[in-house]
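So the protein lines, in turn, are chains W and B.
Residues in the first sequence are numbered consecutively from 465, following the working numbering.
Residues in the second sequence are numbered consecutively from 799, following the working numbering.
FYI, nobody ran anything at the bench for these hints, they're computed from the structure.
Keep in mind that this is a model prediction, so the values were computed, not measured.
Certain hints may be false.
[As the list claims (entries may be wrong)] Reference excerpt, derived from the structure (chain W facing chain B, CB under 10 Å, subset only): (1) Thr657; (2) Ile687; (3) Val727.
All C-beta atoms, glycine included, are put in the ideal place defined by N, C-alpha and C.
Below are the chains, spelled out letter by letter.
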Amino acid sequence: MPDGSAPVLDVRDLKTVFRTRAGDIHAVNAVSFDLRPGELLGVVGESGSGKSVTMMSLIGLLPTPPADVCDGTAMLAGQDLLRMGPEALRAVRGRDIGFVFQDPMTSLNPVFTVGFQIMEPLRRHMGMDKAQARRRAAELLALVGIPDPERRLKDFPHQFSGGMRQRVMIAIALACDPKVLIADEPTTALDVTIQAQILELVKELRARLGMAIIWITHDLGVIAGIADRVMVMYGGQVVEHGRVRDVFADPAHPYTRALLQTVPKLREPREAQLRVIEGQPPLLGAHPAACPFRARCGQAFDRCARENPARRPVGAQGHDVACHWDHRSGAPA
Amino acid sequence: MSAPARPRKKLVEVKNLKMHFPIAGGLLRRKVGAIKAVDDVSFDIYEGETLGIVGESGCGKSTCGRAVLRLYDITEGSIRIDGTEIGTMGQSSLRRMRPAMQMVFQDPQACLNPRMTVAGIIAEPLEEHGKLSGKARLERVFELMDAVGLNRNFANRYPHAFSGGQRQRIGIARALALNPRFIVCDEPIAALDVSIQAQVVNLLEKLQDDFGLTYMFISHDLSMVRHIADRVAVMYLGKIVELADRDALYERPLHPYTEALMSAVPEPDPALEARVERIILKGDVPSPANPPKGCNFCTRCPKVMEICHRVDPPYREHRPGHFVACHLLEADSAAHDQSAGSTGATPTNTSIQQGEDA
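Modelling step: build the complete structure from the supplied sequences, incorporating the hints.
Here it is, written out as structure tokens:
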């Protein structure tokens, strides 16, 4: 996608700490990334890797306390999201940044009609009157492929199936024509055939509307199919980042490599035994002064325990990795 | 085909199993309909093999697994475990059968009692069914913890102190406690992280080799089922639409639903992703309370024909060991039978069809 254009969203050194009675949890640690117009950035990681918390921090959706977004900047159209007051942020959410969450049942309000919920952001952010908003809401439902949109506006969320509800969520997220769409595991709760429908829809909408998308998932297959760039997170940090084809063809971080090997493939020869990543994901209690992956890493050496590796460029343009080990030379970098 | 002639023993034989749940309605809460969660399925599981059951949510795969273990009172059909009919068995005789057939559940958080220690959880089946003394029982608990890769020193901890993968190991240890022969694994890895899934699957495979276990492995993850299963059944709306050896099914699916399901799986390889031809099914799975007339898949099938809306296709063995319920193949095999005369496959066909009509 366009490489030279100015980013719509530029996040630098984002840090989020949860201050709990049992001590601080460093959930997001110095995460930096940018998002260019019209691009789809995939964010992959396991539960607890900080991928959702990163995005929630940007838009002020974390309860504070315990969450404390304590450092960094997030520039959206010349404004720093992290320095905005709650009212200003509220204006950004929905208008400039749209979201789709994992579970479409819990993120729709069961006591209001779907029409009401799509019209809400239109009336609030776009200043439309009821009739205008209703017309636009019907257009949006048609856009996301819901048949008979006028009638369906009067239905409640429970009258929609899981896939249809996720379409409604996408319609709400797109209502105000946002510059950025954040989709947090939008297809995880769906069946594969329904997931395929939603992925197809997103591809089509992207081509038509041209917004930038951040797509959070743990499914490497989904990323491979739709993303332009991918950011791999582990233990609250970005461990590898680059164009999708570069990262999948030549994964530079031991975690990315292990992750790609551990997932069985449907269309490749079957292996007799699955490769395993031994051990458990890290607990993020201690201040991250060491590499979070070192306990599970085959390449770990003494430096990994002393020093948390910074991201350094590798190979292709825009491909970087946070690892002390150089995967090409097979020696410390 | 890859399947050799099987002199192997059938450990589980399921015939025409139906599990319908009543829908109560009206003033007197009378039965007004039924959810046909499992509707006339037949399959066998050979000793020592893993039968994978795949399908989307609501297709009845979990219900089928539970019904096979008689966790429900089944509506109709026959279930034989090692030759013993348990479909109609009463609770007290069933209880004597329980040690041989166990279950591993999906959610390791929900299936472990939070107020019991790990040792207590694993020992519970031993207390219920065994005659071991306290000391021997604890020894057995330690043995089981070793077998599933749990640290013995954690025996007195509570489930909340363990991660998801470790909790699933506790659940597996409990299922193993009574030396079962047959274990139904109901989505045992669905709640786990990608990097932990492989650990649990490898453990299940190792235990199968060590103890000669037979698995029914229920999952929606087609890639993982391809890895673990020897034979695979695909379910749609309460019925098995296709059942075959793993390689035959994955390399040449015969049912249009299996084909679409496989094509929908995303592949973690951008180059391959770009080449995959997706069959995007329209619409959603119909309600099992009100399945369509004719073939259950006729509302979404890209190859639907006129007959599919009228007649439910029979579930037949179209190739040795390859069962399919689809009119497309009926047409094929009819043409084939006419041109080639009687082939080796015909006798088996008739025997299966009788089972179907019964």
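Hints and how they fare:
1. Thr657: Cβ of Thr657(W) sits 5 Å from chain B, so the hint holds.
2. Ile687: Holds. Min distance 8 Å.
3. Val727: Because about 6 Å separates Val727(W) from the closest Cβ in chain B, which is inside the 10 Å limit, the hint holds.
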